[in-house]
Amino acid sequence: MVDVTDALVPSAGEAGTPKLSVRNLTVARRQASGELVTAAAGVTFDVGRGEFVCLLGPSGCGKTSILNVLAGLDRPASGQAFVDGRPITGPGPDRAVLFQDPALFPWLTVAGNVELALRLIDVPVAERRDRARSWLATVGLMRFADAHPHELSAGMRQRAALARALAADPEVLLGDEPFGQLDAQARELLQDEVQRAWVASEGRKTFVFVTHNVREAVVLADRVLVMSAGPGRLLEEFRIHAPRPRQLDDALVSRVVTEIHALLMQEVNADVARTTGR
Amino acid sequence: MSRARRVAREVAPPLAGIAGFVAAWALAAAVTTTDTIPSPADVWAAFVDGLRDGTLVDATWRTLVRLAFSFTVAVALGTGIGVGLALHEFTRRSIRPLIVALQITPFVAWVPIAVIWFGVTERAVVFVAIVGAFPAMTLATIQAFRQVPPLYERAGRTLGASGWQLYRRIVFPAALPGYMAGLQQAWGFAWKALMAGEIIVAAAASAGLGHLLADRAGDVTALLAALAVIVVIGVAVEYLVFGRLDRSVRRRRGLLLDG
Numbered sequence: 347m348v349d350v351t352d353a354l355v356p357s358a359g360e361a362g363t364p365k366l367s368v369r370n371l372t373v374a375r376r377q378a379s380g381e382l383v384t385a386a387a388g389v390t391f392d393v394g395r396g397e398f399v400c401l402l403g404p405s406g407c408g409k410t411s412i413l414n415v416l417a418g419l420d421r422p423a424s425g426q427a428f429v430d431g432r433p434i435t436g437p438g439p440d441r442a443v444l445f446q447d448p449a450l451f452p453w454l455t456v457a458g459n460v461e462l463a464l465r466l467i468d469v470p471v472a473e474r475r476d477r478a479r480s481w482l483a484t485v486g487l488m489r490f491a492d493a494h495p496h497e498l499s500a501g502m503r504q505r506a507a508l509a510r511a512l513a514a515d516p517e518v519l520l521g522d523e524p525f526g527q528l529d530a531q532a533r534e535l536l537q538d539e540v541q542r543a544w545v546a547s548e549g550r551k552t553f554v555f556v557t558h559n560v561r562e563a564v565v566l567a568d569r570v571l572v573m574s575a576g577p578g579r580l581l582e583e584f585r586i587h588a589p590r591p592r593q594l595d596d597a598l599v600s601r602v603v604t605e606i607h608a609l610l611m612q613e614v615n616a617d618v619a620r621t622t623g624r
Numbered sequence: 005m006s007r008a009r010r011v012a013r014e015v016a017p018p019l020a021g022i023a024g025f026v027a028a029w030a031l032a033a034a035v036t037t038t039d040t041i042p043s044p045a046d047v048w049a050a051f052v053d054g055l056r057d058g059t060l061v062d063a064t065w066r067t068l069v070r071l072a073f074s075f076t077v078a079v080a081l082g083t084g085i086g087v088g089l090a091l092h093e094f095t096r097r098s099i100r101p102l103i104v105a106l107q108i109t110p111f112v113a114w115v116p117i118a119v120i121w122f123g124v125t126e127r128a129v130v131f132v133a134i135v136g137a138f139p140a141m142t143l144a145t146i147q148a149f150r151q152v153p154p155l156y157e158r159a160g161r162t163l164g165a166s167g168w169q170l171y172r173r174i175v176f177p178a179a180l181p182g183y184m185a186g187l188q189q190a191w192g193f194a195w196k197a198l199m200a201g202e203i204i205v206a207a208a209a210s211a212g213l214g215h216l217l218a219d220r221a222g223d224v225t226a227l228l229a230a231l232a233v234i235v236v237i238g239v240a241v242e243y244l245v246f247g248r249l250d251r252s253v254r255r256r257r258g259l260l261l262d263g
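As you go down the protein sequences, you meet chains U and S in turn.
Whatever position you read off the first sequence (first residue = 1), add 346 for this note's numbering.
Whatever position you read off the second sequence (first residue = 1), add 4 for this note's numbering.
Heads up, a few of these hints could be off.
To be verified - Example chain U residues on the side facing chain S (calculated, C-beta under 10 Å, incomplete):
no., residue
1, Gly-394
2, Ala-417
3, Gly-418
4, Asp-468
5, Pro-470
6, Val-471
7, His-496
8, Ala-500
9, Ala-514
10, Leu-520
11, Ala-588
What the hints assert, rightly or not - Pairwise CB distance ranges, derived in the manner of DEER restraints:
no., chain 1, residue 1, chain 2, residue 2, range
12, U, Gln-377, S, Ser-6, 50 to 58 Å
13, U, Ala-619, S, Glu-93, 43 to 51 Å
14, S, Leu-68, U, Arg-376, 28 to 36 Å
15, S, Leu-244, U, Leu-594, 27 to 35 Å
16, S, Ala-80, U, Arg-579, 38 to 46 Å
17, U, Gln-446, S, Ala-27, 31 to 39 Å
18, U, Thr-622, S, Val-104, 25 to 33 Å
19, S, Ala-80, U, Ser-480, 51 to 59 Å
20, S, Leu-231, U, Gln-377, 50 to 58 Å
21, U, Ser-480, S, Pro-154, 55 to 63 Å
22, U, Gln-446, S, Val-104, 32 to 40 Å
23, S, Pro-154, U, Thr-622, 53 to 61 Å
24, U, Gln-446, S, Leu-244, 54 to 62 Å
25, S, Pro-154, U, Gln-527, 31 to 39 Å
What the hints assert, rightly or not - Some but not every residue of chain U turned toward chain S, in silico, with C-beta under 8 Å:
no., residue
26, Phe-428
27, Asp-447
28, Ala-449
29, Ile-467
30, Ala-491
31, Leu-581
32, Phe-584
33, Thr-621
These aren't lab readings, by the way, just hints derived from the structure by calculation.
All C-beta atoms in this analysis are idealised placements derived from N, C-alpha and C, irrespective of residue type, glycine included.
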């Protein structure tokens with residue numbers, strides 16, 4: 347038997363090597379009942395260096411599972427994932443993750459959380475404090491540097507998590523619906539923050555965010571990969587050329603949003619028809 | 005609110021409880037004719053006598069020295085075994101039931117065995133206290149580690165923590181509140197087990213508070229004075245040391261509702 351995945355491995359070392367690639371990836375997720383369900387099936391895509399990609403799809407389509415594989419936190423059921431053409435074997439500070447829950451460490455102050463990220467990549471003590479404070483200033487949390495996470499609002503906590511994620515200067519930032527639990531204002535603020543961080547990296551940083559919010563995906567991404575209902579496959583990709591920084595009510599943004607909405611509704615209806623046997 | 009008022013609001017309810025208890029006791033002593041229920045005033049007098057002639061002071065000191073030693077050993081043992089078992093699943097699943105068995109065994113049951121092994125000695129008393137306290141410490145340590153939210157570990161790994169650093173920087177601090185609860189529990193067990201040991205192994209070279217309970221079986225007033233000292237020390241350490249430590253850790257992490 348010919349090993350198909352080998353033929354699909356992106357060649358390493360070339361200038362054109364994608365930053366991240368996913369080849370024929372199938373991921374399974376264990377449900378609360380203990381049953382394994384296929385979350386995403388046979389997904390293949392590349393993310394170029396410096397690109398901002400959003401994985402968009404209905405709940406249960408496996409987009410979070412794919413992200414966890416890219417983060418190195420979970421193993422795929424089959425298929426492979428690569429960073430710089432090398433297979434991903436585990437997590438690392440080159441790929442920071444923003445989780446849905448900010449996951450700040452409650453025993454440390456806000457600054458302490460950011461400093462820990464620096465310590466873990468062996469930044470000398472003398473530099474940690476200043477670098478942490480400068481990141482906190484970037485996300486507007488300077489005043490809360492010495493507060494503990496529980497003293498912050500949900501939006502501020504996620505901003506602190508963003509500062510912590512960016513502090514180690516990762517090449518990749520992975521976002522797992524990080525704004526899903528925020529109110530509309532906090533959400534918009536963070537979308538701006540993330541866009542700004544990405545633009546500021548001038549093509550050095552690659553962002554991959556997972557969301558089920560169409561508008562958010564279009565505002566953030568260069569490219570939106572739309573997935574089907576679970577087990578998720580890639581349905582279609584949309585390139586967004588609107589200038590940045592984008593606002594939720596930009597005309598071009600709205601047009602693409604309408605288009606993607608129509609596609610997703612069609613997919614959801616088809617899924618309902620499939621599962622109810624009509 | 006001023007600090008004085010805050011303290012007053014904090015201590016008023018327990019003081020009211022104590023005052024109510026002493027009043028009920030005084031009433032019971034007044035209405036009964038038996039001399040096996042001495043009045044609070046009699047017990048206070050016995051307590052003052054005990055301080056004057058030094059018996060109570062010496063006994064308390066010896067007991068506290070034994071307690072410090074056995075508690076330290078129990079915590080060291082419990083922490084070491086607990087961390088080891090928390091990290092290694094097979095060992096945990098084979099050893100944990102044995103620790104649970106030790107924990108369920110009434111510590112008084114160890115006294116005769118201790119006497120057979122060590123004779124009527126200091127060592128027998130301390131052995132009972134250690135064996136009474138370390139299983140609780142071990143189980144609480146295991147539990148503290150197992151309750152660390154997996155998300156912290158995942159977040160730590162994506163930040164580049166692995167191996168020893170992952171434990172030192174993420175897992176250990178995350179387990180601290182549960183571990184503190186274990187310390188508090190182990191202290192309670194060590195104190196009770198030590199008293200059981202001291203009462204029964206009464207002929208040991210140096211008398212502690214527990215010995216006073218056994219020695220003066222005939223003199224109920226002096227006995228109650230010793231008991232009061234035991235209770236007060238127990239409560240004081242529980243509230244002033246462990247309660248405070250526990251609250252300060254929880255408050256910093258936002259785990260306390262009243263801020």
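Outcome of the hint check:
no., hint, in the structure
1, Gly-394, "violated (22 Å)"
2, Ala-417, "holds (6 Å)"
3, Gly-418, "holds (8 Å)"
4, Asp-468, "holds (9 Å)"
5, Pro-470, "violated (16 Å)"
6, Val-471, "violated (14 Å)"
7, His-496, "holds (2 Å)"
8, Ala-500, "violated (13 Å)"
9, Ala-514, "holds (7 Å)"
10, Leu-520, "holds (8 Å)"
11, Ala-588, "violated (30 Å)"
12, U/Gln-377 to S/Ser-6: 50 to 58 Å, "holds (55 Å)"
13, U/Ala-619 to S/Glu-93: 43 to 51 Å, "holds (46 Å)"
14, S/Leu-68 to U/Arg-376: 28 to 36 Å, "violated (52 Å)"
15, S/Leu-244 to U/Leu-594: 27 to 35 Å, "violated (56 Å)"
16, S/Ala-80 to U/Arg-579: 38 to 46 Å, "violated (56 Å)"
17, U/Gln-446 to S/Ala-27: 31 to 39 Å, "violated (57 Å)"
18, U/Thr-622 to S/Val-104: 25 to 33 Å, "violated (50 Å)"
19, S/Ala-80 to U/Ser-480: 51 to 59 Å, "violated (43 Å)"
20, S/Leu-231 to U/Gln-377: 50 to 58 Å, "holds (57 Å)"
21, U/Ser-480 to S/Pro-154: 55 to 63 Å, "violated (31 Å)"
22, U/Gln-446 to S/Val-104: 32 to 40 Å, "holds (37 Å)"
23, S/Pro-154 to U/Thr-622: 53 to 61 Å, "violated (36 Å)"
24, U/Gln-446 to S/Leu-244: 54 to 62 Å, "violated (41 Å)"
25, S/Pro-154 to U/Gln-527: 31 to 39 Å, "violated (18 Å)"
26, Phe-428, "violated (18 Å)"
27, Asp-447, "holds (6 Å)"
28, Ala-449, "holds (4 Å)"
29, Ile-467, "holds (5 Å)"
30, Ala-491, "violated (16 Å)"
31, Leu-581, "violated (29 Å)"
32, Phe-584, "violated (28 Å)"
33, Thr-621, "violated (31 Å)"
Consistency with the previously given hints fails for numbers 1, 5, 6, 8, 11, 14, 15, 16, 17, 18, 19, 21, 23, 24, 25, 26, 30, 31, 32, 33, ordered from lowest to highest.
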